[in-house]
Structures are given as structure tokens and as C-alpha cells.
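Novice: Chains as they are written, first to last, in numbering that gives the first Met the number 0: chain C, 0 to 82; chain W, 0 to 82.
Hints in this document: simulated from the structure, not taken from any laboratory. Errors might be hidden in some of the hints.
[To be verified] Short, incomplete list of chain C residues facing chain W, as computed with Cβ under 8 angstroms:
hint, residue
1, Thr-8
2, Arg-25
3, Leu-30
4, Phe-32
5, Ser-39
6, Asp-46
7, Met-62
8, Arg-65
9, Leu-66
10, Pro-70
For each residue, glycine too, the CB sits at the ideal point set by N, CA and C.
Protein chains: 2
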Amino acid sequence: MTEYTATVTVRLKRGVLDPEAETTQRALERLGFDLDDLRSADRFEIDLDAASAEEAADRADEMAERLLANPTIHDYEVAVEDR
Amino acid sequence: MTEYTATVTVRLKRGVLDPEAETTQRALERLGFDLDDLRSADRFEIDLDAASAEEAADRADEMAERLLANPTIHDYEVAVEDR
Chain C
0 MTEYTATVTV RLKRGVLDPE AETTQRALER LGFDLDDLRS ADRFEIDLDA
50 ASAEEAADRA DEMAERLLAN PTIHDYEVAV EDR
Chain W
0 MTEYTATVTV RLKRGVLDPE AETTQRALER LGFDLDDLRS ADRFEIDLDA
50 ASAEEAADRA DEMAERLLAN PTIHDYEVAV EDR
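I would like the entire structure built from these sequences, with the hints used as guidance.
Specialist: Shown next, in the form of C-alpha cells:
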């Protein structure tokens, strides 16, 4: 078993409204920053033991499917690295 | 001017309690997943125009300092890539 950290990034699908990101963008613009767009995402860093990086990625993928992401409104991606 | 996307990742500092991450970890364990630790972070993807990647990173850094992160409880990191 090797120790891995799986990173799951959960984003809203394109077209889903994100009022928090809009508010953040407007607040930055009010502070004088010039930006074209701002998107927000949630990032989960999960430490786990697995036999291989593939197994760690599969388990993180299942965690995203079952709990971390809502497939109706979210896309997600999984990245795995050694700890 | 080149179009860049700056990614600002905002994490709680080590030692700052994160009840949301603890709840998420326990919920995953209740679903039968085996994990050592789970940390959550906010990720902001900011599209902006700048003369260089360094300038884009500097501006994203200032956005983090002034609005996106709270220096008392957060660490943050900035990554820039071409759009």
C-alpha cells in the first residue's frame, strides 16, 4: 500500500448560474481590479492508502460520484499524487 | 496583452478547524470509504489580460491579499497559465 493524495476539483457546469462567483468578481472590480471572468470551484484533498495510483484515482472518482459532486450541476476532475 | 487564467487556491492554515471538511470526511466514511484525511480548499479561476505571466500572477496575488483570502486563517497559492 502506498500513501496518495487525491485532489478532486468540483466545478459548476457551464451555464449553471454562480451568484457567489459573480459577487466576488464585482467586488474585485469595485476594488479597481480589471478581470474578464471569475469562476469558483471546490477542491477536496483526500489522503488515502491504495495499492496503486489507479486504485486511488478510482476511489476518489467514486467519492466524487457518490458525495462530493452533484452530477446534475457539477463537473469534476481527479488528480492523484504520491504523498 | 496576452490572455491568462490565474488560479488562486485558498486553504485554511494548518491548525485552523475545518468543520465542513470533518463532516465531509465522516460522511464518506459512513458510506464505506477508507481515507486518512480530507482537506477542503476554495479555488478561484480568474481570466485576465496582462503584459506577462508575471504581471498576471502579481495581480492575482493582490486580489488574494485584498479579498479572496483572509491572512489570519488562510494560506493561498497562485498559478498562471495561458488561456
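Novice: Check each numbered hint against the structure and report the violated ones by number, ascending.
Specialist: The structure breaks hints 2, 10; every other hint is satisfied.
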